[in-house]
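**Student:** The residues making up each chain are set out below.
2 protein chains.
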Amino acid sequence: MVLLDGKKLAEKILGGLKDEIASARSELRLAAVVVGEDSVTKKFVAQKRKTAASVGIDVREYNFDAVISTNELRKRIAEIVHEKKNTGVIVQLPLPGHINTQYILNAVPPEKDADVLSARAVGNFAVGKSEIMPPVAGAIKAFFEEYQVDYRNKYAVIVGAGNLVGKPVALWLLNEKATFSIVRSSTESPVEFTRTADILISGTGKPNFITGDMVKSGVIMIDAGTSVDRQPTTHNPQPTTNNQQQSVIAGDVDFDSVAPKASYITPVPGGVGPVAVAVLLKNLVVLNKALSKFPPRH
Amino acid sequence: MVLLDGKKLAEKILGGLKDEIASARSELRLAAVVVGEDSVTKKFVAQKRKTAASVGIDVREYNFDAVISTNELRKRIAEIVHEKKNTGVIVQLPLPGHINTQYILNAVPPEKDADVLSARAVGNFAVGKSEIMPPVAGAIKAFFEEYQVDYRNKYAVIVGAGNLVGKPVALWLLNEKATFSIVRSSTESPVEFTRTADILISGTGKPNFITGDMVKSGVIMIDAGTSVDRQPTTHNPQPTTNNQQQSVIAGDVDFDSVAPKASYITPVPGGVGPVAVAVLLKNLVVLNKALSKFPPRH
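For the record, the sequence lines run as chains U and Z.
If you read the first sequence in the working numbering, its first letter stands for residue 1, the second for the next number, and so on.
If you read the second sequence in the working numbering, its first letter stands for residue 1, the second for the next number, and so on.
Only chain U is shown next, with the shape it has when bound in the complex (with noise of 0.2 Å):
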């Protein structure tokens, strides 16, 4: 079973860019859209704060409050993506429920979108005429390449179909020349599909979903799940004399039992998530260079 290194494997990408963005003309800034005070959603983007400026990227918060009405944020996230300094725009999913996520995913230009998330980058991606790839999708091809698994030749099944991880990843491998299936929470007998999976994605965020009897010998088993596990750990069942709850981020796959029988395997943390930042970043100077290049119309 090879480990695969995700945290080796962004340092290498970002090693790449922080020679880039050294050499560049123009500043690249990072506008990271935070609605609502959830302590996860926080880290999250205070971790990519930590790796942009690692590489010399600044990332500027944006933080609006969880009741904010979807045509606020809407007219507030023009304002953001208008202003010139902020080369990239990214919005932090989950959104609360009452916001009409896509309609504001939509707010960010193609030229701005390093997530690919609103429906241009998502065209531009799924007719094969982007420059970047959606984040997840572009940490899972850094590791294929990286570890040489011939992907193209192998029969994936991706497990969850979100907006994260599911449908960029078919999306991608719709234009690939690979064959695979789609298995989601309303399929009958999901087992059997991950059964007979070469690759095995999972993006479902349901911690220990992927256990050893669903996979068969050899698999390449991606993990891209997130979850927060907000509960005691059994290990620990008593309540911490400060009272907070331990918040732990857990991925799809049940490590100890998969582990052993796949040749592959992400672990988390430290598997797709911080190839994914590095992926996010690397967007931002793509896109950065394409803007150069084409400056777009007003």
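If you're looking for bench data, these hints aren't it; they were derived computationally from the structure.
These numbers come from a predicted model, not from an experiment.
Treat the hints loosely; a few may be bogus.
Stated by the list, open to error - Keeping only pairs whose Cα atoms sit at most 20 Å apart, straight-line, the calculated PhoX-like set for lysine-lysine is:
#	chain 1	residue 1	chain 2	residue 2
1	U	Lys7	U	Lys18
2	U	Lys206	Z	Lys177
3	U	Lys12	U	Lys50
4	Z	Lys75	Z	Lys85
5	U	Lys50	U	Lys7
6	U	Lys177	Z	Lys206
What the hints assert, rightly or not - Chain U stretches covered by chain Z per the calculated footprint, using a threshold of three residues with CB under 8 Å from any CB of chain Z:
#	stretch
7	70–77
8	112–123
9	152–162
10	170–181
Ideal placement from N, C-alpha and C gives every residue a C-beta, glycine not left out.
With the hints as your guide, set chain Z onto chain U.
**Tutor:** Showing chain Z alone in chain U's frame:
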């Protein structure tokens, strides 16, 4: 076995359109861009023109020489698109090999893109924000609704990942709660997928590619393949007196061996084809309504 009657379903869709168009204030005109002199392409356009005429939609054909350059064609399409009377614009595919097809398709703005092939229209569709569906996907959905096929709870296998069938159908099923697989020419053993499919959707353009031994008993067989058999038929191997070859539009399915095993099956001709044309015209009506509600900004 139930034959999915495309002519009848198309009539039903067109019947609804006819009344709507008659009572509308503005006239609808579909501009059809045709490059080259292929007789089959001409036949398809003639079919669209005839069907459109039956509901009161005018089709204007714009013909270009097969040697036209990508840049020149793009410029000409920009003019066609700009013409107010053209309330919808389609580009008859395939284009000659030297032309950058997606660049040409992207010249059609989403509000006139009745075929849903430009990057922007595909993007709107992919994120679930399109009022219209790509014609073939829309046709398949119409069949499922008409014959009450509960496709969301069945396993679909899509054979082929082309721009007109496999890709749009995959995008559609991705946004529904459906479980599906994509197999393509690079897939090592397509039969392992096709034999387990509850719903089999084929769009490879290879006549008789799907044979009875490749499907399971009770399959719902959707033949969305289009190919042209220009050979004299085996039943009539003698050259005809006027030395013309017969050109027959063929699907992907070996009907004689698949039909006895199928619970539902679309014939070719008279299956997906006429319904896709009806959906295309319906799209034109829907887009025109959207257009009059939200005039595009200039």
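**Student:** Hint by hint, say whether it matches the structure.
**Tutor:** Going down the list of hints, with the structure as the test:
Distance hint between U/Lys7 and U/Lys18 is fulfilled; the C-alpha atoms sit about 16 Å from each other, no more than 20 Å. At most 20 Å may separate the alpha-carbon atoms for a hinted pair to count; U/Lys206 and Z/Lys177 meet this at roughly 18 Å. In summary, the hint linking U/Lys12 to U/Lys50 is supported, as the alpha carbons are separated by about 16 Å, within the 20 Å threshold. Between Z/Lys75 and Z/Lys85 the CA atoms are separated by roughly 18 Å; this keeps the pair inside 20 Å, and the hint holds.
Distance check on the hinted pair: U/Lys50 and U/Lys7 sit about 14 Å apart at the alpha-carbon level, within 20 Å; holds. Proposed proximity of U/Lys177 and Z/Lys206 is supported: the alpha carbons are some 18 Å apart, at most 20 Å. Chain Z is given as covering the stretch 70–77 of chain U, and this is violated because 0 residues of the stretch bring a CB closer than 8 Å to a CB of that chain, at least three being needed. Requiring three or more residues with a Cβ within less than 8 Å of a Cβ of chain Z, the coverage given for the stretch 112–123 of chain U holds, as 6 such residues are present.
For the stretch 152–162 of chain U, the proposed coverage by chain Z is satisfied: 3 residues have a C-beta within less than 8 Å of a C-beta in that chain, meeting the threshold of three. Only when three residues or more bring their CB closer than 8 Å to a CB of chain Z does the claim for the stretch 170–181 of chain U stand; here the count is 9, and the claim holds.
Checked against the numbered hints given earlier, the structure breaks only hint 7 and satisfies all the rest.
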